[in-house]
Amino acid sequence: MTEETHLKEEDVIAKLDAFAELPDAPPKRRIKLSWIGKASVAVVVFWLVIVAIGPSIAPFHEMDMDGDDSFLSYGEDEDGGLLTNEYGTFYLGTDYIGRDTLSRILFGARNTIGISLLATLLAYLMGITLGILAAVKGGWIDMGISRVNDAILALPTIMLGLIVIAAFGSSIIVLILTAAVIYATSVFRIARALGQDIMVQDFVEAAHARGEGIWWIIKSEVLPNAAMPLATDFGLRLVFVVLFISSLSFLGLGIQPPASDWGSMVRDNLQGLTYGSYAAIWPAVAIASFTIAINLIVDDISAKSGGSLAKKMV
Amino acid sequence: MMKQMVLQRIAIGFATLAVVSVIVFIMTSWLPGDVASIILGQAATPETLAALRAQLGTDQPLIIQYFSWLGNMMTGDLGISKAGGATISSLISSRIGNTMMMAGLVALISIPISISLGLFAAMHPGTSLDRMVTFGTLSTISVPEFFIATILVLILAVNLHWLPSTTYLTGDETLGQLLKAIAMPLFTLVIVVSAQMIRMTRAGILNVMNSPYIEMAILKGVPRKRIILRHAFFNAIGPIVNVIALNLAYLVSGVVIVETIFSYPGLAKLMIDAVQTRDLPLVQACAMIFCGVYVVLIILADVASILSNPRLRQPK
Amino acid sequence: MKDKKILDHELKYQDLDHVDKGRVEKILAGNKGYSRRDAIKLAAATGVTLAVAENMLISGNKAIAATPKKGGSVRMANPVHGPDDQTDPMMFTSGIDYARGRAVYNGLVQHADDLSPQPELAASFEPNSDATEWTFKLRKGVEWHDGTKFTADDVVWSMNRHLSDDSTSVIKSVLSTIKEWKKVGTHEVKAVMHSSNSDLPTLLGMFQNKVIKNGTTGDWIGTGPFTMESFQPGVKSVHKRNENYWREGANLDACEITAITDPVARVNALIAGDIQIMANVDPKAFRQVESADGVTLLSTPAASQLGICILKNAKPGEDDDFVKGMQYIQDRERIVKRILKGKGVVGNDTPVSGAHGSDWCSELPQREFDPDKAKFHFKKSGYSGAELFVAPVTAGIEDTCLLAQANCAKIGFDLKLKKVPNDGYWGAVWMKEPLNVVTWNMRPTANSQMAIQFGPGGNWNDTFWNNKRMGELLSLSLAETDPAKRHAHYCEMQTLIHNGSGMVIPAFTNINDGIRNNVMDMPKVPLGQCGAMEWPERIWLA
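Here the protein sequences line up with chains A, B and C, keeping their order. So the first sequence is numbered by our numbering: it starts at 1 and just counts up by one. So the second sequence is numbered by our numbering: it starts at 315 and just counts up by one. So the third sequence is numbered by our numbering: it starts at 631 and just counts up by one.
One thing to keep in mind: the hints can contain errors.
[To be verified] Now the in silico label distances, taken between C-beta atoms and shown as ranges:
(1) C/Thr-765 - B/Lys-494: 26 to 36 angstroms
(2) B/Ser-453 - C/Arg-877: 57 to 67 angstroms
(3) B/Met-415 - C/Gly-903: 24 to 34 angstroms
(4) B/Ile-423 - A/Val-285: 22 to 32 angstroms
(5) C/Thr-847 - A/Leu-121: 51 to 61 angstroms
[Claimed, not checked] Dumping the calculated SDA-like pairs for lysine to any residue here, alpha-carbon to alpha-carbon at most 20 angstroms:
(6) A/Lys-38 - B/Gly-440
(7) C/Lys-967 - A/Ser-73
(8) C/Lys-812 - C/Ser-794
(9) C/Lys-770 - C/Ser-759
(10) C/Lys-1049 - A/Gln-256
(11) A/Lys-38 - B/Thr-441
(12) C/Lys-1040 - A/Lys-38
(13) C/Lys-1062 - B/Ala-357
(14) C/Lys-820 - C/Asp-760
(15) C/Lys-1049 - B/Leu-483
(16) C/Lys-813 - C/Asp-849
(17) C/Lys-1049 - A/Lys-38
(18) C/Lys-813 - C/Thr-891
(19) C/Lys-870 - B/Ala-357
(20) C/Lys-1046 - A/Ser-171
In short, the hints are calculated from the structure, not lab data. We put the beta carbon where it would ideally sit given N, CA and C, even for glycine.
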């Protein structure tokens, strides 16, 4: 810290010059969203509000089995109207054991969005830290981390999830950590590749020649240049985490009952599709609306900012 | 240079295989229960458990089991499935062909579709056609595979009776019968992987379009189509090939849900079954195959991106 | 139960439960040629009753010929398979093994629909006066699939394999009363018992007690109605009719035994006509199978318990009030109606049900859902919460626990559920965690059903409730010949379990399988799915 605050004037000038010459220096223009981008932001904000207040506005508790029957849908009531009984009204119908679908979606927002956001953020934290560490340090550290990373990447994600969850139980913490480690591997590859690219750039070599510390280089040079390409990868990664958790529910793992999660709701109510129940459709719509909105925002930002989107899947 | 790079990657590949075997070994040791307690299940008694463990050789410490597996592996002996007694080579050989056939067919259909749709979308960015492609791909990425697969079954098999709902392979069907038998899982997987590849192709090309030399070409008045087909596409091949490689690896190892729903006898389900029965040698054998496929695909992707980009062919 | 059924018939469409709704829809659609959507509308508009709909069905359908026809082949799908599909009958543990075993091998004895033991490879069997020795006369002229003759040596080899010290047999401890099997003649064998056992023939009907060729471990060379043409573990097996069978034999030319592990896909495959028999229809799918054309839901009453084990030798189960609380919080009627969709009966916290016939203690007062009593007992026990381990060991068990959780929450008791996968469950959770779930395939007799779970010191006494009187009664009742006294013994045992054990059995589920309508004469042996897999030799295609 103190080193940086006492930078010599020459150094500051050298650094500014380096930035000016750099073709992929982060753009400074403001991000303006298209109408699709704005609508997507509205959808995401809507779901974040539901995360905050969902349980308090839900007509039922997520565990209540108060419906008169399972797989009831709107319009199946005698008068063709809303399904209502002495406990309340089931606006989106009931699920396979008579729970209120709407309430479970409102409760489930917290788990689905919370777990996927936290796991993705954690994946980024781990992936970027290790990726840049590997790029900057090189040698045996790079070799060691990269091989373990490749090994995890080579194994099917669903098998890794199966083992960890069968071994440690499917608490929310375990789910988040498992998804984070699994998806950190791809982030690691991007971060390391970007880090290596940047490390051989002239301005970093210059900084190195000046005798700057490794952390100084990471903080001042590597991170700002890698930030935008990594951020654009975020959207897809988030979708993958949501899908990962729902695929665990396919193997009978996934989130602990009675907590609801949109992916498991789709899975549990799939059978209802065959006789016109929408109990599996609504949570699928919820997943799609949230993940599509996030990706459209990412598209908008990356289209405007010229970030290196292409490298994201490497 | 190229040869050296490939040799180096192969060496790294073997290191990765070794790491995979250790990771799989450590992870399976975390699992509750062992193969004997799973075979005997609810009917297990201490005596039968001990007898079965002795018979299977799983009463040895795990570390010894690991090294005996490693020793056999070195001599090319994959061993015997602890859970069922069949040889692992027979279990795998009956499925590896199915898996490779499915992955190959899906690739054959989805790669051309994805690249042309991705190119098409990139040529007309911001138009309603581009938006349609984007929205369509995002919608299919965002819903779980089992949802797509089940909807397809309900429409094409249960209601219309056009296609069988499950795959039954007898081994002596004609090409037409074979294609009909595997049409449903094939279709599902094409949808699932194409969505991602279309998206990445479009993104890769648009990204190259932002680079200074393309801007220069645009300023010089070269038509957009020509720029994309002549310049941008070849420069974007590296990242696109990488995405294809990862998707192919996924088609070999990760399609357990599709294999389950359509009862398609492939390797992905075999490995999950092996994990669930704690059949360590079988888990290891599958892990080695998956890791090998992954390594080969990544090397191929690297080679392809170097070949496609003349600048990379020369060392800096 | 009977009254309820009549009542249901008089209910109008709107008030029917959803399975019966499905039946009405199917009948209307099938008879009048309406689409299903129209049928639903029609039913709702006219308020048709189930009785009316069923009358339409009877008058609409022609009587179907009941003489078995030869020929055809079926594909049968189980819920589970994998590389652990077994070839050795001694190691059979899952439905798909049982089905293959039934197709390829024979036992000495087999079960009829009424659970009575019938001679199979044994032409006749009889005990000595105190049932310490059983003599079996074997059928002559039986040949193995490879053409060699079946003799007493094969039987002695097959049966003694279960008993040796290093035997890994799944049923080793079930057969522990047998000392050894001896050859008496070329077609006669003798079982020498450690102690008297009048139930031996019933035990010999178990899935694992198949007769295999002397010196082999099965290897799919059997004497059974079908030969094994190809066997791929975790994929399928293909069977052809054994033309050289020792009795009339199978009607089908061939069958294929496989599994579709995804329950939704399994039902879809049946409705699409890709399979003809499916084992285990999930309650979620009842309405779909009931209302689809060309398929039938077969529901066989069986004493398959939805059980919650509370360990009596650990906290909190050692406290009787805690157990009582867990028993009173079970909303049994609702479990049967909503979760099992009517395909089951309420349980009374004993493992014996009406399916066991006269040994069921019907006079034992039914324990009802009573949240106030549950609250009282939980309060008295001093516990305000507990953790229950749940695995999907049988259809409906998870939902039963979810319902208990919701009802506990309403009386301020915090019942946490810990969901764990099925694999590893029996070794790592069951009989280890203080609260866990269990199910048992129905045993043929009430005595064996109670002995396995509540015999003092038994291997599978899964609530660790060791009651000395229970042990005495188990052997007394076996020896008792007077029906009234025998019933009194059985009632006393069930009362002991009902009041003292750590077992919560809120309901018994039926065995639910699906078939295409052209599959005729499906067996109904209630000891397992698909008529305890007796189908290969018995069914025929119309």
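For this session: Any hints from earlier that this structure breaks? Give me their numbers in increasing order, please.
Result: 1, 9, 12, 15, 16, 17, 18, 19
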